[in-house]
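Protein chains: 2
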Amino acid sequence: MSNLDTFVLTEGSRFLDELKAFLRIPSVSTDPTHAGDCRRAAEWVRDQLKHLGCPKVELLASETHPIVWAEGPEVPGKPTVLIYGHYDVQPPDPLNEWVSPPFEPVVRDGNLYARGATDDKGQVFAAIKAFESVNRGGRPPVNVRFLIEGQEESGSTALFQFLSREPQRTVADAVLVSDTAYYAPKWPSVETGLRGLCYAEITVRTSKTDLHSGLYGGVAPNAHDALVQLLSRLKSPDGKINIPGLYSAVRPPSQAEREGWKKLPFNERKFLREEVQAKALTGLKKFSIFERTWALPTFEIHGIMGGFTGEGAKTVIPAAATAKVSLRLVPNQKEKAVQKQLIRAVKALAPKFADVSVRFLHGADPVIVDITAKPFQLIDRAFKEVEGRGVVPTRSGGSIPVVPALGQKGAPVILAGVGLPDDRLHAPNEKIAVDQFYKGIRVFGRFLQFMGQ
Amino acid sequence: MSNLDTFVLTEGSRFLDELKAFLRIPSVSTDPTHAGDCRRAAEWVRDQLKHLGCPKVELLASETHPIVWAEGPEVPGKPTVLIYGHYDVQPPDPLNEWVSPPFEPVVRDGNLYARGATDDKGQVFAAIKAFESVNRGGRPPVNVRFLIEGQEESGSTALFQFLSREPQRTVADAVLVSDTAYYAPKWPSVETGLRGLCYAEITVRTSKTDLHSGLYGGVAPNAHDALVQLLSRLKSPDGKINIPGLYSAVRPPSQAEREGWKKLPFNERKFLREEVQAKALTGLKKFSIFERTWALPTFEIHGIMGGFTGEGAKTVIPAAATAKVSLRLVPNQKEKAVQKQLIRAVKALAPKFADVSVRFLHGADPVIVDITAKPFQLIDRAFKEVEGRGVVPTRSGGSIPVVPALGQKGAPVILAGVGLPDDRLHAPNEKIAVDQFYKGIRVFGRFLQFMGQ
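So the sequence lines, in the order shown, correspond to chains A and B. Residues 1 to 453 in our numbering are what the first sequence spells out, letter by letter. Residues 1 to 453 in our numbering are what the second sequence spells out, letter by letter.
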């Protein structure tokens with residue numbers, strides 16, 4: 001047993017008590033009545049990091065929920081690891097579904113229940129305790145920076161401002177984000193890819209004003225008709241997106257990733273019945289479920305506006321219709337390039353009698369972490385040692401806008417969480433398995449040690 | 001000059017004064033504050049008809065805006081003509097756009113301006129004055145029945161109840177409805193066809209709940225996708241409706257109708273630019289504009305509900321989506337049969353991963369008047385005499401639900417209005433050309449005389 005493991009074992013009970021104290025602070029960032037609690041949580045984290053021997057600890061952007069910034073003792077000649085996490089939590093509603101109150105942490109059957117247990121207090125605290133565990137005698141193996149924000153659940157505005165204002169402060173050799181989950185129990189995974197996003201409103205206009213379908217039905221163009229034709233052309237029933245050039249920038253997953261994904265415990269039938277809860281899965285059938293959700297772009301319609309949607313039977317021919325749509329993007333697509341491709345496709349595929357326009361609302365580039373990078377190899381080694389199984393390089397179909405911002409200087413961003421898929425983040429009875437919390441401390445501690453070797 | 005013409009000429013000034021008195025009553029049926037005015041208008045009509053020598057005059061359904069029912073003197077052995085019209089009017093808003101106040105009738109440049117001038121007080125009063133003009137000495141040429149309601153602008157509820165409760169009372173040899181317009185100045189027209197309607201909501205459901213497009217985009221079915229696919233299949237871009245059997249009941253317009261339509265003064269360019277105000281007309285190109293709007297069924301999308309239609313960028317995969325749609329029906333389609341055809345087509349054309357349902361909200365069968373019927377020939381003769389040009393058998397693309405109800409006993413319903421296309425019904429500065437009002441009295445009077453010969 002290593003020194004690290006022994007330390008975690010002997011101090012484990014204290015670590016858990018400290019985490020409970022952290023969880024008792026109802027730091028709900030979206031609720032203005034909890035602004036004081038968010039500040040208390042920030043101060044609690046600041047005091048922790050001071051107490052653990054960080055020579056420089058400060059609260060940034062303190063006009064809002066502050067960002068905790070801390071620097072560990074300087075270790076000349078060693079790499080720098082930036083640890084990112086957040087102390088804010090989701091609202092606990094609906095309260096009546098909690099078995100025990102959300103801000104009164106309690107252990108039942110090996111799980112610690114509380115709002116924020118896994119997202120993200122438990123996980124970021126595991127990283128803090130990992131630092132404590134390897135910082136014995138004030139000599140950590142690497143240079144450590146902490147960046148722990150309080151607006152992750154509400155837009156990360158202050159963080160984005162800080163990252164763009166002071167990019168040099170977050171220069172690092174690796175960024176460790178402990179805010180995700182294992183693929184399955186005993187299946188540690190690192191998300192090596194995140195999809196990007198291109199969200200747009202497509203509007204078609206076919207006449208100056210709405211028209212009466214009795215008088216003009218049969219000859220007047222119908223905006224919803226035009227939109228339906230356009231949308232049906234933009235994506236084929238087989239799931240292929242008909243936007244010229246869209247797929248050319250798509251980088252297929254590596255052989256190593258594919259092989260990793262094949263090994264994952266996955267039951268398509270169960271996925272369909274229990275998660276998607278539909279009659280059938282859709283999309284490009286020649287690709288696996290993982291490829292379709294992690295490594296291929298999507299085109300989704302979110303809603304259609306215009307015409308008459310009230311109660312009853314109004315026989316209007318709509319003059320204009322708007323669809324809210326979005327594309328999920330994958331490496332190496334670029335949001336800006338996809339915007340141009342979408343505009344071109346919309347103009348080419350819309351019926352000639354319609355005027356079309358596209359307005360972009362929101363977007364993000366996709367993220368890919370090179371799994372041959374050294375930090376990835378080291379986290380894999382840490383998991384192998386602690387869990388007995390190395391990391392599966394999974395991806396996420398979603399977008400986490402803070403990730404590309406954290407990695408802007410080229411450092412690999414390692415999304416190495418220790419949550420479990422049934423942790424119920426954002427839902428009642430959120431929990432973290434106590435065992436996973438301790439594993440997190442050991443894995444992150446080993447990672448810091450390996451980085452310093 | 002006939003006796004009738006002479007009478008109209010000598011009494012014309014009085015007729016116009018009486019019409020002005022009728023127009024001064026603000027009988028807005030949709031506005032409860034005008035309930036008393038609606039009653040006053042009904043009583044005014046009742047008193048007119050009594051004064052003109054109708055032996056039986058009564059107010060029906062007087063718990064609401066009453067229906068005026070009157071029977072002319074009995075003329076044994078002669079046919080019966082039922083005259084339908086309405087005394088209620090549309091609200092006058094927006095008031096500030098009226099050149100003269102809506103309920104202070106005034107003649108300018110040969111036009112009488114007031115709310116209800118053409119829709120329908122001026123026109124129904126022309127029919128009443130026609131009766132007066134041919135009822136000299138208490139001996140009209142035919143048996144006349146008046147049915148003048150006060151809910152035409154608000155659903156005709158009382159009228160429908162009366163017609164289904166006492167169908168024998170409205171048995172007639174012809175029904176004269178004076179509530180429509182010439183096709184163009186000097187182009188009298190009778191609407192010989194009205195389209196029916198089948199209004200429905202088509203709902204597709206693809207999963208139990210909305211899903212996150214990051215996690216499930218690429219494999220989860222999208223309800224809007226399914227609806228768009230379905231709708232794009234239900235109608236081809238060329239305008240053909242892909243509902244099996246839909247066109248088989250369609251009776252093409254007669255040779256006489258087609259020839260009449262060809263003669264009508266119609267400018268497609270002007271129609272497109274000034275009425276439809278679009279880049280192009282749509283629909284089945286091998287048919288004329290008249291055929292497409294009067295003699296062919298349509299399929300229109302009115303609006304699409306479901307998913308996310310609020311401000312901003314929510315990346316939801318919708319679990320359900322509903323389209324409001326309607327079909328206009330033409331002779332000899334039947335609403336009930338079309339409902340079944342639509343359900344079958346929706347089930348056949350929807351993607352297999354979607355559950356579909358259809359809910360019907362509203363409908364009406366189409367109406368066709370046989371232009372070889374005697375009353376039609378006689379109204380044609382009356383117009384020839386008065387206007388110097390016979391009737392063009394036009395149709396209307398819209399639905400007037402009261403028309404099939406009035407003709408339920410097989411009597412031809414003659415929609416022979418004397419309005420003009422620029423009368424601005426339902427809009428500010430509604431008017432009737434004074435000349436058209438007098439022509440109406442003469443045409444309807446001659447029609448009653450011809451019916452009695």
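Keep in mind that the hints are not guaranteed to be accurate.
Because identical chains cannot be distinguished in the list, a pair is counted as satisfied if it fits within a single copy or across any two copies.
[Stated by the list, open to error] Here are the simulated DMTMM-like cross-link-like pairs (lysine to aspartate or glutamate), alpha carbons at most 25 Å apart as the crow flies:
hint : residue 1 : residue 2
1    : LYS352    : GLU335
2    : LYS347    : ASP238
3    : LYS336    : GLU311
4    : LYS352    : GLU274
5    : LYS262    : GLU274
Derived from the structure by calculation, the hints contain no laboratory data.
Hints versus structure:
1. LYS352 <-> GLU335: neither (27 Å within a copy, 33 Å between copies)
2. LYS347 <-> ASP238: Result: close both inside a copy and across copies, 22 Å intra and 19 Å inter.
3. LYS336 <-> GLU311: Between copies only: 22 Å across, 40 Å inside.
4. LYS352 <-> GLU274: Between copies, since 20 Å is at most 25 Å while 44 Å is not.
5. LYS262 <-> GLU274: The answer is within: 21 Å in one copy meets 25 Å, while 63 Å across copies does not.
Going through the hint list in order, the structure does not satisfy hint 1, though it satisfies all others.
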